[in-house]
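Protein sequence lines, in the order shown, are assigned to chains A and B.
FYI, numbering that gives the first Met the number 0 numbers position 173 of the first sequence as 172, with every residue one higher than the one before it.
FYI, numbering that gives the first Met the number 0 numbers position 171 of the second sequence as 170, with every residue one higher than the one before it.
It is possible that some hints are incorrect.
Said to hold, decoys possible - Partial list, derived from the structure: chain B residues whose beta carbon lies under 7 Å from chain A:
id, residue
1, 1
2, 86
3, 91
4, 92
5, 148
6, 186
Treat the hints as calculated values from the structure; they're not laboratory data.
Using N, Cα and C, we set each Cβ at its ideal position, and we do this for glycine too.
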Amino acid sequence: MRLHAGICGSFPRPPALRKAFDDLSEDRIGEGEFKRILMECTRDVVRLQEKAGMTILTSGLLLWHDLFRPFTRGLEGLEAGRLIRFFDNNFYYRCPTIIRRIRWRKPITREEVQEAKKSSRELVKAIIPGPFTFLKLSENRFYASEDELLDDLIEALMAEVGALKDSADLIQVDEPSLVDPELGRAERLRGVDIVNEFLSRLGIPSDKVVVATYFNLDPERYATLLDLRAGLHVDLKSTPTEADLALREHVFDGPILSLGIIDSRSIYPEDPREVVYRVKTYMDSISPETLIFSTSSWLDYIPYNEAVRRLDALGRILAEAEVRFI
Amino acid sequence: MSYTLPDKLRTTVVGSYPYFPEAIKAFQLRKRGDRGPEYETLVREATKKAVMDYLDAGIDILADGEQRREDMAVFFAEELGGFEISEPVRIFDNVYFRKPVITGKICWKHEITVEDWRYASSLAAGRPMKVTLTGPYTMFSWSFDKFYGDMRGVILDLAEAYRKEIEVLARAGAIFIQIDEPALSTRAEKRDVLVAGEAFEIMFGGLDNVKRITHICYGRLERLFPEIMDFPIDQYDFETKNRNYELLDLLKEYSFDKELALGVIDVHNSRVETVEEIMNGIARGLELLPPEKLYIKPDCGLKRLKRETALAKLKNMVKAAGRAREELA
Ligand SMILES: [Zn+2]
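Same shape as in the complex, but just chain B (with noise of 0.2 Å):
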């Protein structure tokens, strides 16, 4: 099976999807160190439906839908060398969640994303699969540090071993490669800038059979302007709909020339955008940058919606893509 992407106004998504009762049945199993056949077939299925869903919403370049994924964090940290996983910290009330701990060198072990990308990408219809990676700066800022007390130390281990898997991921055939790193808007100063610019040099740099993604959202965008422009990244994945699209003044400032794509769905809310109201989101993008430069994609990842309604968001921002592409044809 083949697809052909369309040359202007692709669709995407950040990653994550509504979690599938599977999904949850199967963070039990994992909690309880079970990760026999049982918990396989349960992520599986859980994949399976979310491809499906992102499929049936007409999505052009897919992801699949981190069903594994329990806590973006956690995930990679009980996969990769050095860390370990925290006693409960609370969040609010009697709310609890846990940290990952680093307590030794950090390492790449083993294969990661491999195996599910593979899988994903055999339900894609032949459509291109997304692999999502939560980058260096946000695993260090989610985790407590016992081992390095040193983040620059932590932030570039971290991306040797995030290259190994962007290595693997690239021989096994994966194009599209994601960075996300929320955490960097949230606090980042100029030198946290600078060192996450470090981390994406050591695990883009030179890679030329790779899309090389980066999805960053909410809190201050701003602050990681001009310096992000030079990491060696082919597409900004940025939050824009949810703040009313100014972060495109800023990029414009900049004469901002690489990929972007452009988040014309907001994540945080129920309602679901009528295909104009996407349209118009689109247009604004599209007084920056030629529509072949230009995604469409949610704002961030969609696991905290309901899956009616993120699939009927989608739905509309794929109509609203593919009106905007009559228009300009």
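If we strip away everything but chain A, and leave its shape as in the complex, we get (with noise of 0.2 Å):
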């Protein structure tokens, strides 16, 4: 088994960022001065990463305001909506309002994934919205039928990740509403199905594959998600008496396991040989491959300064799980 240790997605925006998107708001730089900051930010944030231990790493996602931004501007057809609660958290995103049919055009997350590449020699993960969490969380003023959507939309996120496969080491394709309470049995298996489709179509090795989902796992939820053809991704902090459950009850067999022991809604102190305890209580109903310590979920809902905290703790546990996983 291999270990690894990365965050399941973004990273706050450095102040530099933030003020440098204030900024370009207020028409007191230019394009060109924002490109050069947040490039040089994503280098700083690949660093950091480095830095603590992480060995698979993401741009942090400085640009996105939320999951779907880049596409829903990116994409043709699609635009940003209005503002809605993102699942439970004090956290919103822009609707993706579809109001023309989806295609790609170019790359649209490639530079910043390159940037990443170029500036580590760690792995690099780059993330995409999933199929059915974009249809589940989008607004469908164009399509008549959901088939023809769903259709168009996988293709267009299929040629994103053709774009990514050279720099990118690793395709995380975020999938929360795979746990969405909300959404009953059924509805979830039909999303298993949306997934596997969108991953065979992918041709992409199962291993080079992860489907995050976040919040809310419990045993029936999970057991759904097994039936995904690629790694998986799980929130172990959101609901974790629940989730502890899940992982004990069924018996994870796929090639790449990340699992979010560090909380990234809070910021109480992690033990890091408490959380590697923990995991290695698991061994008995998970064997992948590659086994990630991860963040719960995006690291938006926690300040900047708290975060590096974060990849802090999170570099000890694969430290300290190097020892006591052999």
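Assembling the complex is the task here: the two chains are given apart, and the hints tell you how they should meet.
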């Protein structure tokens, strides 16, 4: 079993970038200067991850206002609509509103992934919103049938993944809706089918793709996720008791398991030893080729300075695991 | 000056009122750490205007409009012991807010709301002035915890701190004391509701010289039943208009017979409700409770509305309550 550590998705924007966003919107700086600051901050965030001992890095998704925004802007046929609460967080996304046929035109996130790849020797993970969650959290004002919509959406997301193939070592497909407690079992099963269809059309080996779910894990939902033909990321912190049961009750035999064992919505200090001890107790029911220690979800829910501490804890967890797992 | 409250369908407000420019200026000073005489004058000016509007509308039981509080959690975190304030956390796009951070044992250090209550009362033309406190469960939910690692510990210590504040308020003569718990209806599970109940016991237990109120709104109020009915609370202040009074059916099911502050004004909608519309809402409330137990008020605080809209809504509300009283006479 190979051990890795890496954050699930985004990193909070560094203060300089927060300011640059405001400066750009108030015309105090131009696009060029903004881009320069963005890339500099991306490199900083990549180095922070590397320095803390992460072995799988992300670009930090510093430009992403939410899970969908680069795509609502970058894909044809979509616009950013009203603000909607993102699950039970005090965080809001702009509803992707489908107003015309969805088409992929040019790479959307490749540049930041390339920047991350250039800035480090570690593995780089690229992230895209998955088709099921995209479907569930968007508003369709164009397509007469959901199948047509899905077909075009999957086509567009496939094109984006195609553009990332050379720079990303791992593709993460974010599908939090797969564990949304508001959805019934039938809908969840359909979600798994949709994601599997997407995965099979992607044609990437299953050890290069991770489907990420976060919040609300429980045994029933986890069991459904086990049918996904890819690696899996699960959140063990949002519903700790239920998630714990889930991991013990069901056997995971996929290639990659990413465990969200650092709470990305809390800043309460984690004890690396305790975390590693707990993960070790799962070993009867999990045996992935690759085990990733990760944050439970994206890190937008905590301040930048606290996220830096979270990284550090994750690094210490990996170091501890490397000793304890031998 | 004295004022005799009507014996039925008393009107009140939840607390907050749109911020006056003086309040906004005061927030800026406070952010810079300046709480000198200029700051105090600005807060008082804003408070006076809010109270005057409430009086102008004809509200029976007033509030100070919370003109000192830019954020209902951060305000108390800045006054209680055990808290710091976080670096910015993103809420959407490039918009951020700061959250309280619990970094030590939570305790009551000094009077927080008493002086504001005294001042607002002095402007109230003899009408009772309500005090609002952001409740322990909401403070916990809207804060980061770096110290306790245990929800119950945080909430009970907060409740102890508030008990001290409530005792001071009661000694000063405040009658209407309201604990705001908007977070309780968002993701509270049963165990959370029970802890909130313990907190209410600490804050309000054995107090018989005050009207013990809680305001809870939006989310899933139904999840709080039936446990919440056993809390030591005299008056439940709920949001009902926004969900077309559906909550009343639930209250009926549980034979609710305490006092109910009925939300008859939608605070998320700038349309001013007509008097008839509000009277219909009141009639719905009267199907459940006698008019002596029914208080008439907006769903929630008014701070997100334009001042003109808020005032117009309140005026119609008072008119509607008056007419409903006449019809009952
Ligand atoms: Zn409210």
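Here is how each hint holds up against the structure:
1. With 7 Å as the threshold, the beta carbon of residue 1/B stays out of range of chain A, its nearest partner Cβ sitting at about 44 Å, so the hint is violated.
2. Nearest Cβ of chain A to the Cβ of residue 86/B: about 4 Å, under the 7 Å cut. The hint holds.
3. For residue 91/B, the shortest C-beta to C-beta distance to chain A is roughly 4 Å, which falls under 7 Å, so the interface hint holds.
4. The criterion of a C-beta within 7 Å of any C-beta in chain A is met by residue 92/B, whose closest approach is roughly 5 Å, and the hint holds.
5. About 5 Å separates the beta-carbon of residue 148/B from the nearest beta-carbon of chain A, less than 7 Å, and the hint is met.
6. Because the smallest distance between the Cβ of residue 186/B and any Cβ of chain A comes to about 5 Å, under 7 Å, the interface hint for this residue holds.
When each numbered hint is compared with the structure, a violation occurs for hint 1 only.
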